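There are 2 protein chains.
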Amino acid sequence: MSRMIVQKFGGTSVGSEERIASVAQIIQKASIDNSVIVVVSAMSGETNRLIKLAKSFGENPSKREFDALISTGEKVSAALLAMALHQIGIKAKSYTASQISMRTTDSYSKAKILDVDGQKIQDALNQGIIPIITGFQGITESGDVTTLGRGGSDTTAVAIAAQMKAERCDIYTDVDGIYTTDPRVVPEAKKLDKITMEEMLEMAGQGAKVIQIRAVEFANKYNVPVRVLSSFEPGSGTLISLEEKDMENGLVSGIAFQKDQMKYTLHGVSDTPGIAYSILGPLSDANIEVDVIVQNISVDGKTDFTFTVSKEDEHATSEVIKQMKNSLDFDDVIVDSQIAKVSLVGVGMRTHAGIASTAFKALSENDVNIQMISTSEIKITIVINESAVTKAVKALHEAFELEK
Amino acid sequence: MSRMIVQKFGGTSVGSEERIASVAQIIQKASIDNSVIVVVSAMSGETNRLIKLAKSFGENPSKREFDALISTGEKVSAALLAMALHQIGIKAKSYTASQISMRTTDSYSKAKILDVDGQKIQDALNQGIIPIITGFQGITESGDVTTLGRGGSDTTAVAIAAQMKAERCDIYTDVDGIYTTDPRVVPEAKKLDKITMEEMLEMAGQGAKVIQIRAVEFANKYNVPVRVLSSFEPGSGTLISLEEKDMENGLVSGIAFQKDQMKYTLHGVSDTPGIAYSILGPLSDANIEVDVIVQNISVDGKTDFTFTVSKEDEHATSEVIKQMKNSLDFDDVIVDSQIAKVSLVGVGMRTHAGIASTAFKALSENDVNIQMISTSEIKITIVINESAVTKAVKALHEAFELEK
Numbered sequence: 001m002s003r004m005i006v007q008k009f010g011g012t013s014v015g016s017e018e019r020i021a022s023v024a025q026i027i028q029k030a031s032i033d034n035s036v037i038v039v040v041s042a043m044s045g046e047t048n049r050l051i052k053l054a055k056s057f058g059e060n061p062s063k064r065e066f067d068a069l070i071s072t073g074e075k076v077s078a079a080l081l082a083m084a085l086h087q088i089g090i091k092a093k094s095y096t097a098s099q100i101s102m103r104t105t106d107s108y109s110k111a112k113i114l115d116v117d118g119q120k121i122q123d124a125l126n127q128g129i130i131p132i133i134t135g136f137q138g139i140t141e142s143g144d145v146t147t148l149g150r151g152g153s154d155t156t157a158v159a160i161a162a163q164m165k166a167e168r169c170d171i172y173t174d175v176d177g178i179y180t181t182d183p184r185v186v187p188e189a190k191k192l193d194k195i196t197m198e199e200m201l202e203m204a205g206q207g208a209k210v211i212q213i214r215a216v217e218f219a220n221k222y223n224v225p226v227r228v229l230s231s232f233e234p235g236s237g238t239l240i241s242l243e244e245k246d247m248e249n250g251l252v253s254g255i256a257f258q259k260d261q262m263k264y265t266l267h268g269v270s271d272t273p274g275i276a277y278s279i280l281g282p283l284s285d286a287n288i289e290v291d292v293i294v295q296n297i298s299v300d301g302k303t304d305f306t307f308t309v310s311k312e313d314e315h316a317t318s319e320v321i322k323q324m325k326n327s328l329d330f331d332d333v334i335v336d337s338q339i340a341k342v343s344l345v346g347v348g349m350r351t352h353a354g355i356a357s358t359a360f361k362a363l364s365e366n367d368v369n370i371q372m373i374s375t376s377e378i379k380i381t382i383v384i385n386e387s388a389v390t391k392a393v394k395a396l397h398e399a400f401e402l403e404k
Numbered sequence: 001m002s003r004m005i006v007q008k009f010g011g012t013s014v015g016s017e018e019r020i021a022s023v024a025q026i027i028q029k030a031s032i033d034n035s036v037i038v039v040v041s042a043m044s045g046e047t048n049r050l051i052k053l054a055k056s057f058g059e060n061p062s063k064r065e066f067d068a069l070i071s072t073g074e075k076v077s078a079a080l081l082a083m084a085l086h087q088i089g090i091k092a093k094s095y096t097a098s099q100i101s102m103r104t105t106d107s108y109s110k111a112k113i114l115d116v117d118g119q120k121i122q123d124a125l126n127q128g129i130i131p132i133i134t135g136f137q138g139i140t141e142s143g144d145v146t147t148l149g150r151g152g153s154d155t156t157a158v159a160i161a162a163q164m165k166a167e168r169c170d171i172y173t174d175v176d177g178i179y180t181t182d183p184r185v186v187p188e189a190k191k192l193d194k195i196t197m198e199e200m201l202e203m204a205g206q207g208a209k210v211i212q213i214r215a216v217e218f219a220n221k222y223n224v225p226v227r228v229l230s231s232f233e234p235g236s237g238t239l240i241s242l243e244e245k246d247m248e249n250g251l252v253s254g255i256a257f258q259k260d261q262m263k264y265t266l267h268g269v270s271d272t273p274g275i276a277y278s279i280l281g282p283l284s285d286a287n288i289e290v291d292v293i294v295q296n297i298s299v300d301g302k303t304d305f306t307f308t309v310s311k312e313d314e315h316a317t318s319e320v321i322k323q324m325k326n327s328l329d330f331d332d333v334i335v336d337s338q339i340a341k342v343s344l345v346g347v348g349m350r351t352h353a354g355i356a357s358t359a360f361k362a363l364s365e366n367d368v369n370i371q372m373i374s375t376s377e378i379k380i381t382i383v384i385n386e387s388a389v390t391k392a393v394k395a396l397h398e399a400f401e402l403e404k
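Residue numbers (our numbering), protein chains in the order written: chain A, 1 to 404; chain B, 1 to 404.
These aren't lab readings, by the way, just hints derived from the structure by calculation.
In this text, all values refer to a predicted model and were calculated from it rather than measured experimentally.
Heads up, some of the hints might be wrong.
Note that identical chains are pooled: a pair holds if it fits in a single copy or bridges any two copies.
Computed list of lysine-lysine pairs in DSS-like fashion (alpha-carbon distance at most 27 angstroms, straight line) [unchecked claim]:
1. K91 <-> K55
2. K110 <-> K120
3. K110 <-> K91
4. K91 <-> K63
5. K322 <-> K91
6. K29 <-> K63
7. K29 <-> K55
8. K52 <-> K191
9. K191 <-> K391
10. K221 <-> K194
11. K52 <-> K91
12. K165 <-> K259
13. K361 <-> K391
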């Protein structure tokens, strides 16, 4: 019996008729030795075109209609890719989320996958047909179309790989793998052949941009090995492996960074029990993902509560804070949109001390002012001014000798 | 209880963000006194853009994938129109064919509507929500997407009007009604305030282009009054009425004509019983609509069989004829792509003699050579050379004094 693999192609990989034809060749090759299931994104530019159309009817269009609108892009690319495969003699059929019952929660634009009916996919495979599935989207219990958020096609691919018990999920993109940091910022950045799921989770969350964090979470939960590789050039990419990494591989695996962040500080909050919940609860209810959170010690019964969110949630966050004023006592809100996050990630951190001090020394020597610090077992995150990002990443890359 | 009407907006009516906003105003006005259900086409140009994408993967892409692809256009315009209505404070929701179970046959690109679940539409209306339904498309028993053929959105609208027992179906387009003939060809052409279903059936079938023939058939079958009017300028349009027209209204109501036709003659067919079926059967199986059919008398046990099809079926027709060669004995095939059809239509023809002779006299005086003639109770159709269309239509328009 042949091995089953899922291949996911991102927007740039299917960005033109020529690219789609070239992706068909990749699928054809893979299908010689494997049972292949394909997941596609919209052609690059298409989702933005649709968003622009929507914005002409107001800045905050109905989320149900917005999802119905932007989910059409993947339907287009899936059908075109099926045609491209037919053209080279490969049997293929496109499937929408509705057709394979890709069920999600009803949080429009940020829906979470609940389950997927693998039978239709299996039926296609049994008939020697390659199923081409629309990424990024699902349907609710009542049949409304949802989307999974930017980059959600990765999550679709991994969810299908998990459901179908595929051997591997290959995420094809326009980069040839995961690097120690962004090579556009640090030219010495090195491609990693392998990275652990845990490291990747921390990297993706900080905006490594190659693969969506939820996809890695899914992969982690269901033990799906994921490989990230390029559809533009041959190469084995980076395998996001299930195994623990050899300790020799170094302390820090990579440096992630992310701009387009907002920092909110609720100043002078009355320090009563349950503050954190009364702030984070409403944000979560509004589907806003809060990232770094810092609460300072209380002075005179008052405290400052600071958190960061993605800039795209700016409007929603302001609305939530406005309503919070009714139930929570605080003096004022300080908003900073000129910030960025930088994270050091590495499984090695667990067992080695001194990483934080090496990092802060390097930053200090380069005059990078640190605004917030947050640490986990395998990650150190700092929030700094947006303008200092390049300087900070270069300094850290050098300090941990990642170019070697 | 307010009256229920269906409003259908064609491609040019929703051809841009501005047009969509203007259509929202039309819907708003209608919704003051009526329960409104809306059906939309794709934004003009969109379907052609998608077809062009498909054609880059071969001239004859898989029909299943082709339908999956081109059906995305209406999903876009439906969602955008819902957003435009929200912007002016009107509750609205877009619905795809799948969401309202618009079931069709599985003849891709030429599917016929089987039934539609009115409950979801009624639920929306009961909640004061205007349902915006994607025209032109349906789903098969197994959930595959189908399309109804060019102009199929009209049929969607009438089918929904019939299902919901609406009082009227308003077809908004870029012309202000039905004319005695094409005003671009005969400037004296007059707008008709009213036309009977039967006349309209004959007009549409011959390419009046304002409304699709199947839509009128549906309207006729389910007694749905249809009105054709412009979304660009105010006006009452033309009502396609259920009642018989007053006889005084003249013998001929209009002149329709259609180019983009192909004429096939199977020359020297052995005249055995069942010829017509053995030719028309395979064409019908291939979903090719044969229009004018003429079989000449038999000479020496051989006959000529001539029929016309739409130019878009050229490829399919050639294929079918090629295969026919195996089972049918004929000498050769004569193909003429330089033809056009011209039809005189009028309920009055039933009770008045002499119309044919008036017509043929006018054509003869203008040197129009007639290739084929076919008549029905309320229509006379002639096939002529494509280059003679304007001359023929003008001559007939004048002969029957339609400008008065």
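Going down the list of hints, with the structure as the test:
Taking the shortest alpha-carbon separations for K91 and K55, only the inter-copy value of 18 angstroms comes in at or below 27 angstroms, while the best intra-copy value is 39 angstroms. Taking CA atoms no more than 27 angstroms apart as the test, K110 paired with K120 passes in both settings, with 25 angstroms inside one copy and 25 angstroms between copies. Proximity of K110 to K91 under the C-alpha cut-off of 27 angstroms is restricted to the inter-copy arrangement: shortest distance 23 angstroms between copies versus 33 angstroms within a copy. In this homomeric assembly, K91 and K63 come within 27 angstroms of each other (Cα to Cα) only across copies, at 14 angstroms, whereas the closest approach inside a single copy is 36 angstroms.
In this assembly of identical chains, the alpha carbons of K322 and K91 lie at most 27 angstroms apart only when taken from different copies (26 angstroms versus 55 angstroms within one copy). With identical chains, the CA atoms of K29 and K63 are at most 27 angstroms apart between copies only, with a shortest distance of 25 angstroms across copies and 40 angstroms within one. Taking the shortest alpha-carbon separations for K29 and K55, only the inter-copy value of 24 angstroms comes in at or below 27 angstroms, while the best intra-copy value is 41 angstroms. Taking the shortest Cα distances, K52 and K191 never come within 27 angstroms of each other, neither inside one copy (35 angstroms) nor across copies (39 angstroms).
Taking the shortest Cα distances, K191 and K391 sit within 27 angstroms of each other inside one copy (21 angstroms), while across copies they are farther apart (73 angstroms). Proximity of K221 to K194 under the C-alpha cut-off of 27 angstroms is restricted to the intra-copy arrangement: shortest distance 19 angstroms within a copy versus 67 angstroms between copies. Taking the shortest Cα distances, K52 and K91 sit within 27 angstroms of each other only across copies (22 angstroms), while inside one copy they are farther apart (35 angstroms). Proximity of K165 to K259 under the C-alpha cut-off of 27 angstroms is found in neither arrangement, the shortest distances being 36 angstroms within a copy and 56 angstroms between copies.
Only within a single protomer do K361 and K391 lie at most 27 angstroms apart by alpha-carbon distance; the minimum there is 14 angstroms, versus 90 angstroms between protomers.
This entry does not satisfy hints 8, 12, going by the numbered hints stated previously.
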